[in-house]
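**Q** Starting from the known structure of chain A, arrange chains B, C and D on it as the hints suggest.
4 protein chains.
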Amino acid sequence: MELEDNEKKDSLKNFRSFGQQIVDTASVFYRRGWLFGTSGNLSAVINETPLQIAITGSGLNKGKIDLSGLIVIDVNGNVISGNKKVSSEADLHIAVIREMHAGSVFHTHSVWSTMLSKRYLKDGGILIRGYEMLKGLNNVGTHEHSEWIPIIENSQDMKTLSATVTSILRQHPEVHGFMLSGHGLYTWGKTPEEAERHVEVIEFLLEVYGRGNAGTDNIP
Amino acid sequence: MELEDNEKKDSLKNFRSFGQQIVDTASVFYRRGWLFGTSGNLSAVINETPLQIAITGSGLNKGKIDLSGLIVIDVNGNVISGNKKVSSEADLHIAVIREMHAGSVFHTHSVWSTMLSKRYLKDGGILIRGYEMLKGLNNVGTHEHSEWIPIIENSQDMKTLSATVTSILRQHPEVHGFMLSGHGLYTWGKTPEEAERHVEVIEFLLEVYGRGNAGTDNIP
Amino acid sequence: MELEDNEKKDSLKNFRSFGQQIVDTASVFYRRGWLFGTSGNLSAVINETPLQIAITGSGLNKGKIDLSGLIVIDVNGNVISGNKKVSSEADLHIAVIREMHAGSVFHTHSVWSTMLSKRYLKDGGILIRGYEMLKGLNNVGTHEHSEWIPIIENSQDMKTLSATVTSILRQHPEVHGFMLSGHGLYTWGKTPEEAERHVEVIEFLLEVYGRGNAGTDNIP
Amino acid sequence: MELEDNEKKDSLKNFRSFGQQIVDTASVFYRRGWLFGTSGNLSAVINETPLQIAITGSGLNKGKIDLSGLIVIDVNGNVISGNKKVSSEADLHIAVIREMHAGSVFHTHSVWSTMLSKRYLKDGGILIRGYEMLKGLNNVGTHEHSEWIPIIENSQDMKTLSATVTSILRQHPEVHGFMLSGHGLYTWGKTPEEAERHVEVIEFLLEVYGRGNAGTDNIP
Chain A
1 MELEDNEKKD SLKNFRSFGQ QIVDTASVFY RRGWLFGTSG NLSAVINETP LQIAITGSGL
61 NKGKIDLSGL IVIDVNGNVI SGNKKVSSEA DLHIAVIREM HAGSVFHTHS VWSTMLSKRY
121 LKDGGILIRG YEMLKGLNNV GTHEHSEWIP IIENSQDMKT LSATVTSILR QHPEVHGFML
181 SGHGLYTWGK TPEEAERHVE VIEFLLEVYG RGNAGTDNIP
Chain B
1 MELEDNEKKD SLKNFRSFGQ QIVDTASVFY RRGWLFGTSG NLSAVINETP LQIAITGSGL
61 NKGKIDLSGL IVIDVNGNVI SGNKKVSSEA DLHIAVIREM HAGSVFHTHS VWSTMLSKRY
121 LKDGGILIRG YEMLKGLNNV GTHEHSEWIP IIENSQDMKT LSATVTSILR QHPEVHGFML
181 SGHGLYTWGK TPEEAERHVE VIEFLLEVYG RGNAGTDNIP
Chain C
1 MELEDNEKKD SLKNFRSFGQ QIVDTASVFY RRGWLFGTSG NLSAVINETP LQIAITGSGL
61 NKGKIDLSGL IVIDVNGNVI SGNKKVSSEA DLHIAVIREM HAGSVFHTHS VWSTMLSKRY
121 LKDGGILIRG YEMLKGLNNV GTHEHSEWIP IIENSQDMKT LSATVTSILR QHPEVHGFML
181 SGHGLYTWGK TPEEAERHVE VIEFLLEVYG RGNAGTDNIP
Chain D
1 MELEDNEKKD SLKNFRSFGQ QIVDTASVFY RRGWLFGTSG NLSAVINETP LQIAITGSGL
61 NKGKIDLSGL IVIDVNGNVI SGNKKVSSEA DLHIAVIREM HAGSVFHTHS VWSTMLSKRY
121 LKDGGILIRG YEMLKGLNNV GTHEHSEWIP IIENSQDMKT LSATVTSILR QHPEVHGFML
181 SGHGLYTWGK TPEEAERHVE VIEFLLEVYG RGNAGTDNIP
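Order-wise, the sequence lines are chains A, B, C and D. Just so you know, we're using UniProt numbering here: the first sequence kicks off at 1 and counts up by one. Just so you know, we're using UniProt numbering here: the second sequence kicks off at 1 and counts up by one. Just so you know, we're using UniProt numbering here: the third sequence kicks off at 1 and counts up by one. Just so you know, we're using UniProt numbering here: the fourth sequence kicks off at 1 and counts up by one.
In isolation and in its complexed conformation, chain A is listed as follows (with noise of 0.2 Å):
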């Protein structure tokens, strides 16, 4: 399918504006610590039907790229536009994109969301309720609120993770991000704006829950 030749420059312009977002994200969480070595991946959809999304790259540095460390992939995960290489975790964005119609997904890899998701595996999710900071999550309006965020098992074989990230995100379709087990943290927004939102708010949350070792709080 086609893309019309107003939608290709939407598309271009989508490309430009939500890709530098991607870039300036991505060098503020590195220098943080939550992409090092090549982790990590942040997408956003720059056009909708036909789904196009911008992805960046597979095994780059996300603290040092520009717009060319991004490339541009269908809902199939087939290349349209750049010439890096599409990472294997593409499906998961793709699964997220179209199970929650988010506009934009960010994965990150911090040291307390690789712990805390390796240790509460066997639990399914971790529970996080009672702090002003979960209003910063879309549509919550309470600090009240219980956030739910499962954990799934790492696993390298895509097509099953995509699988299981669908049933478990149509299980819970309240959640604002999940985690992989000894892997990190995959949240969404509308906009790459407020999936960082999301990014920050989640890493915050799991930093607390981590140094106050809330285990009582951990049932569903």
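For the record, the hints were derived by calculation from the structure and aren't laboratory data. Quick caveat, the model's predicted, so the values are computed rather than measured. Check the hints yourself; a few may be wrong.
One-sided and incomplete, this derived list gives chain C residues near chain B with beta-carbon spacing under 8 Å [to be verified]:
| no. | residue |
| --- | --- |
| 1 | F36 |
| 2 | T38 |
| 3 | T114 |
| 4 | M115 |
| 5 | N139 |
| 6 | M158 |
| 7 | H183 |
Rough simulated footprint, nothing fancy, chain D against chain C, three-plus residues with beta-carbon under 8 Å [unchecked claim]:
| no. | region |
| --- | --- |
| 8 | 5 to 13 |
| 9 | 127 to 135 |
| 10 | 141 to 149 |
The C-beta atom is built at its ideal place from N, Cα and C for all residues, glycine as well.
**A** Structure of chains B, C and D alone, referenced to chain A:
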């Protein structure tokens, strides 16, 4: 009540000068992780009679604002100028300004204040004594000083919460700050500069307290 | 006792060169959280006979000063030049300079030195051994070195505290630093550069010590 | 053995390009606290036959050097060019380069590697498995990978220590790094870029390991 022309000039001058201090400090505090997401609010009195307060707008990333991210409100929290939304927590700023005759109120969301304020809510506060850093608080001349930091249960009902804050401050007129449970720190000063210093001093002491697990000190 | 013209030139040259090193280092240390609020003092000898010391003024944010934030004092702590207030802790700088023949004294307030100096005051100090980083201390050639860091009880009586510091340094002429309980670290060097290195080395070792809960090592 | 003119050109080109990468990375690592004091050494092979290695000079603050802070040494650690002192640890760089056919060796001193390498020396190393970040290591394709990080007892006898390092690497040719107890991390790569990535990956995993107190995983 209208401002005279001269008063308007002073008010505008104060807006520019105190406002810029707020913007600059917010940027530094954001990079330290004390204002993640869109959390926190910083304010300064720019006119005393009638009371006019410049305060950061609601729902903004405080690390990326300029002067246009501030609004000016009156003693009832009504917007006098600026095109951002007023935070519901503006009521708490007004309560502190009125009760403590503060010229500036800074509210930050650090990991340590969030974690400790939830853990020690049951004690009504934490007592910090024996630290030289206490001398960074206004009118404290010795490390032997005992600083009581009240913890107030968080609420979304700002009318009630303001009244509670006022009541606690009336009982403890000697305090330099308080925490809302699972929410963060409020502190203040005669100027934005003093409020900034108080944030650094109290945040430092909270981290020392948290790392030292100084449970046995926690008796008023 | 007056300075000759040539000596005045040297003294001024040293003020500018050592003073700038102090200002630059203070800015870096402040951003690392080692000089929050208005805490800490940094000094350097700019003339030996008669003794003239450039030292950061009292009550200033050490992360934001330039050369005008320094004052020059004599061996009795009297101000020779500069328009800032002299810190009462200048007496401790003078004591260290006289006793250890130091060219520069840096006093920092980190979370780790504050917390550990309070916890281990009862032991009179902490003993650090077995770390390669110890070789960053002047005249230490092996990680097998045992570094004793005395902890002295904090006091606001600077006359008594200076005498105690002098006495402890006379008993332990081999040390590279000491802590005041709940207060922070004093270290020094022949030059501001060496003092800066000693701060980094000791702060690093204190954090290692604190994180490792190396209680069993804490026997002199 | 002399270099031909063409080889000299290549060697100089590599010195400039790899040397600049070393200088830039050292500045970033220093700011992260991985090279405090004058600790750490970074090196890169700039000519293979005969072996020529650019390496940071001894006793320098690695966060503030430029190309003049590097020296070039031969396979025996003799200085070919540059006016800085050669570190005694250059022998370990040479041992790693020869045994692992590395193009670049980075040695860092972080708090976590220092603390963990002392705590777990008794076990001979630590085993890290189950983390996605492991895939940032060369030739690791799954988080199910088990990475053994040997810990070698620290020594000031570089001849013996080099021999021990060579022997350990021969026993464990699959490792990507090792630690010296109470001293820090050695890792390497085909290029300075890969060595930098390996530092970030291993330091990240050590912090996760340390925070998680993953004692039960510590069985080879």
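**Q** All hints, please: hold or fail.
**A** For each hint, the structure was consulted:
1. F36: With a minimum Cβ separation of about 4 Å from chain B (threshold 8 Å), the hint on C:F36 holds.
2. T38: Result: holds, 6 Å to nearest chain B Cβ.
3. T114: Holds, about 5 Å.
4. M115: Holds. Min distance 5 Å.
5. N139: violated (30 Å)
6. M158: With a minimum Cβ separation of about 12 Å from chain B (threshold 8 Å), the hint on C:M158 is violated.
7. H183: Since chain B brings a Cβ to about 4 Å from C:H183, closer than 8 Å, the hint holds.
8. 5 to 13: With 0 residues close enough to chain D, the hint is violated.
9. 127 to 135: holds (count 4)
10. 141 to 149: holds (count 4)
In this structure, the hints that do not hold are numbers 5, 6 and 8, in rising order.
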